[in-house]
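If you read the sequences in order, they're chains A and B. Residues in the first sequence are numbered consecutively from 1, following the working numbering. Residues in the second sequence are numbered consecutively from 1, following the working numbering.
Treat the hints as calculated values from the structure; they're not laboratory data. Please note that the accuracy of each hint is not assured.
Since copy identity is lost for identical chains, a pair holds within one copy or between any two.
[To be verified] No farther apart than 16 Å at their CA atoms in a straight line, the calculated lysine to aspartate or glutamate pairs in the EDC-like style are these:
1) K104 <-> E49
2) K289 <-> D278
3) K315 <-> D44
4) K165 <-> D307
5) K290 <-> D275
6) K3 <-> E26
2 protein chains.
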Amino acid sequence: MDKRVYNFAAGPSTLPLEVLTEARDEFLNFRGTGMSVTEISHRDKTYEEVVKDAEALVRELLNVPDDYCVIFVQGGASTQFAAVPLNLMHSGKADYIVTGNFAKKAWQEGQIYGEAKKIGDSSDKIYTYIPDVDSLGYTDGADYVHITSNNTIFGSRYDKFPVCKAPLVADMSSEIFSREINVADFGVIYAGAQKNLAPAGVTIVIAKRALIGNPLKICPTMLKWKVQDENGSLYNTPPAFSIYMADLVLRNLKKKGGVKAINEINVYKAGLLYDFIDNSKLYKNNVEKKYRSIMNVPFVTGSDELDAKFVAEAKKAGLVSLKGHRLVGGMRASIYNAMPVEGVQALIAFMKKFEVENG
Amino acid sequence: MDKRVYNFAAGPSTLPLEVLTEARDEFLNFRGTGMSVTEISHRDKTYEEVVKDAEALVRELLNVPDDYCVIFVQGGASTQFAAVPLNLMHSGKADYIVTGNFAKKAWQEGQIYGEAKKIGDSSDKIYTYIPDVDSLGYTDGADYVHITSNNTIFGSRYDKFPVCKAPLVADMSSEIFSREINVADFGVIYAGAQKNLAPAGVTIVIAKRALIGNPLKICPTMLKWKVQDENGSLYNTPPAFSIYMADLVLRNLKKKGGVKAINEINVYKAGLLYDFIDNSKLYKNNVEKKYRSIMNVPFVTGSDELDAKFVAEAKKAGLVSLKGHRLVGGMRASIYNAMPVEGVQALIAFMKKFEVENG
Numbered sequence: 001m002d003k004r005v006y007n008f009a010a011g012p013s014t015l016p017l018e019v020l021t022e023a024r025d026e027f028l029n030f031r032g033t034g035m036s037v038t039e040i041s042h043r044d045k046t047y048e049e050v051v052k053d054a055e056a057l058v059r060e061l062l063n064v065p066d067d068y069c070v071i072f073v074q075g076g077a078s079t080q081f082a083a084v085p086l087n088l089m090h091s092g093k094a095d096y097i098v099t100g101n102f103a104k105k106a107w108q109e110g111q112i113y114g115e116a117k118k119i120g121d122s123s124d125k126i127y128t129y130i131p132d133v134d135s136l137g138y139t140d141g142a143d144y145v146h147i148t149s150n151n152t153i154f155g156s157r158y159d160k161f162p163v164c165k166a167p168l169v170a171d172m173s174s175e176i177f178s179r180e181i182n183v184a185d186f187g188v189i190y191a192g193a194q195k196n197l198a199p200a201g202v203t204i205v206i207a208k209r210a211l212i213g214n215p216l217k218i219c220p221t222m223l224k225w226k227v228q229d230e231n232g233s234l235y236n237t238p239p240a241f242s243i244y245m246a247d248l249v250l251r252n253l254k255k256k257g258g259v260k261a262i263n264e265i266n267v268y269k270a271g272l273l274y275d276f277i278d279n280s281k282l283y284k285n286n287v288e289k290k291y292r293s294i295m296n297v298p299f300v301t302g303s304d305e306l307d308a309k310f311v312a313e314a315k316k317a318g319l320v321s322l323k324g325h326r327l328v329g330g331m332r333a334s335i336y337n338a339m340p341v342e343g344v345q346a347l348i349a350f351m352k353k354f355e356v357e358n359g
Numbered sequence: 001m002d003k004r005v006y007n008f009a010a011g012p013s014t015l016p017l018e019v020l021t022e023a024r025d026e027f028l029n030f031r032g033t034g035m036s037v038t039e040i041s042h043r044d045k046t047y048e049e050v051v052k053d054a055e056a057l058v059r060e061l062l063n064v065p066d067d068y069c070v071i072f073v074q075g076g077a078s079t080q081f082a083a084v085p086l087n088l089m090h091s092g093k094a095d096y097i098v099t100g101n102f103a104k105k106a107w108q109e110g111q112i113y114g115e116a117k118k119i120g121d122s123s124d125k126i127y128t129y130i131p132d133v134d135s136l137g138y139t140d141g142a143d144y145v146h147i148t149s150n151n152t153i154f155g156s157r158y159d160k161f162p163v164c165k166a167p168l169v170a171d172m173s174s175e176i177f178s179r180e181i182n183v184a185d186f187g188v189i190y191a192g193a194q195k196n197l198a199p200a201g202v203t204i205v206i207a208k209r210a211l212i213g214n215p216l217k218i219c220p221t222m223l224k225w226k227v228q229d230e231n232g233s234l235y236n237t238p239p240a241f242s243i244y245m246a247d248l249v250l251r252n253l254k255k256k257g258g259v260k261a262i263n264e265i266n267v268y269k270a271g272l273l274y275d276f277i278d279n280s281k282l283y284k285n286n287v288e289k290k291y292r293s294i295m296n297v298p299f300v301t302g303s304d305e306l307d308a309k310f311v312a313e314a315k316k317a318g319l320v321s322l323k324g325h326r327l328v329g330g331m332r333a334s335i336y337n338a339m340p341v342e343g344v345q346a347l348i349a350f351m352k353k354f355e356v357e358n359g
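Let the sequences and hints guide you as you build the complete structure.
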């Protein structure tokens, strides 16, 4: 296959073609250094500039307040499931709202380190909605309230965020940079990069510095946000290539008009797809409308056999990684920032054709 | 600068040009998938093959026994400094031999989790030797003995390894795949990839399965070697690009004849450089001969001013990242597997010229 496909994978996922081309073109000679960016020392000024630039762009694009750190770490959101309690759980209790698979994993990891209380849970309807955040029983004196702002597998997202006394901690892996947020409403935001930001291997943490000064004694040094902040994400050798790619993606996003502009496109893309699904007789999306994700769109035909046929034929048509997560079945189209409108249009055209042939 | 330089950085460091070219050529279309390897799902069969192939090559090239796991994780050796006690320190005591900066850091991290006893220490002579491993007071009933097999900053390495009752745990970051080892002599071997294996972002752990079944309760799930082993390094999204590059580097190493063959070249390269230094009047290497590393060769002129001039002029001559670590000063030439003989010859030629002009 020589043609570029439309890649609907949930992560790692499609990246802007301009960014990939730029990285390819300078892969053997990074900014005139005579080395690949995969070879250059992380202490080399030319590389250190990349890390600084990436941090500055995160601050600019998300309007991050000055009293928040922005750090690049390793291990994915799954490692942050432990880092959150290890950095914050001083009183030994925290609240978790469980709205999907990763929210549940974060909650389970929290239980290793203290009383991690599930104060909300949408598993009764297979995570197709978000509990009403205004009527939850937040724990008095909890160290934090943990949410997963967008649920990659189930295709739901918070339409508004909890307003609570304890700092709000949000895993934004599958939606960071896709819609405007007010960082000051959160204590900590973290996100694996492999959806909207970069190739897998780097995780971004944005944290209010006042909260992170005193990690638990048993916290591994590398998981201490404070240590990473004090060292400008260069405490040890960073995941250099992934940060470099994140920097290129963020530059590209800025050029495209930033988060506000990309959000408009995302809303438009998701709207096209949901409208088509809602008006079709074959396809169905089960998420309550006000909680529908604009990043991950699961849908089913109602027949496992037909779903499998859809995924196989779509692949032949250059629309790949549309198989839904095993917990949900069916199909899922992840339409992150880098998925062009044309990709969504091509998917809808294919869905129409498939419906005619199999409806 | 259009010409490829010789990069003597300690890590990230030079990679084989054939590997870089191959990665560049398929960067926009990974094995005919129509996607970049940085975009493809880690659950895609084409990508899963990469992880399996990389694991198989590690097993083949190091002759890893079947009762050892081989896993690819994130966070660098610095994260393993915590993972080692968190996976192994059941009785609460372990021995550490401190032969350099990273060995010391590993020992300090061990103290978070139990009685980490320093049973050997070569700081009295600025880490220019390895303590005699046959006369150390190993602790009865220790959970493990931790060593750093090659000291990147100080340029020393073990000529032979401790023989002890407790499992031997070795950080081999800066020498893995550079010389033959008998894996069965070790309980655990770990190594950050960014010297001999791949771009930064992936860490390899080779561990005897019988040792890793029962991590401490406080161990973050992501740091449990057992969990990573049970999931074939795909418990969560792996550092996909770095593993892909590791696979290409390992294929390249196999084509070149494997570890035995590359070790012969490494011994030859290091010999050229040490012989020249020992016979020069200007340059000096302070490490005891039998403990000299064949990967990292520090040297000084005896004058800080002249050292700085050397580093600056070498850079102009296309020999980069020769500045020594701030703990040692002077110069350091890291001559990993991917540094061609021609690079070492070019360095020696430059050193000669510089000595004539400044001696």
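For each hint, the structure was consulted:
In this homomeric assembly, K104 and E49 never come within 16 Å of each other (Cα to Cα): the closest approach is 38 Å inside a single copy and 30 Å across copies. For the identical chains of this complex, K289 and D278 are intra-copy neighbours only, at 10 Å inside a copy versus 76 Å across copies, given an alpha-carbon limit of 16 Å. Within a single copy, K315 and D44 get their C-alpha atoms only as close as 43 Å, which misses the 16 Å cut-off; across copies the closest is 12 Å, which meets it. In this homomeric assembly, K165 and D307 never come within 16 Å of each other (Cα to Cα): the closest approach is 45 Å inside a single copy and 57 Å across copies.
Proximity of K290 to D275 under the C-alpha cut-off of 16 Å is restricted to the intra-copy arrangement: shortest distance 14 Å within a copy versus 73 Å between copies. For the homomeric pair K3 and E26, the shortest alpha-carbon distance between copies (13 Å) is at most 16 Å, but the shortest distance inside one copy (22 Å) is not.
Going down the numbered hints, you'll see the structure goes against 1, 4, while the others check out.
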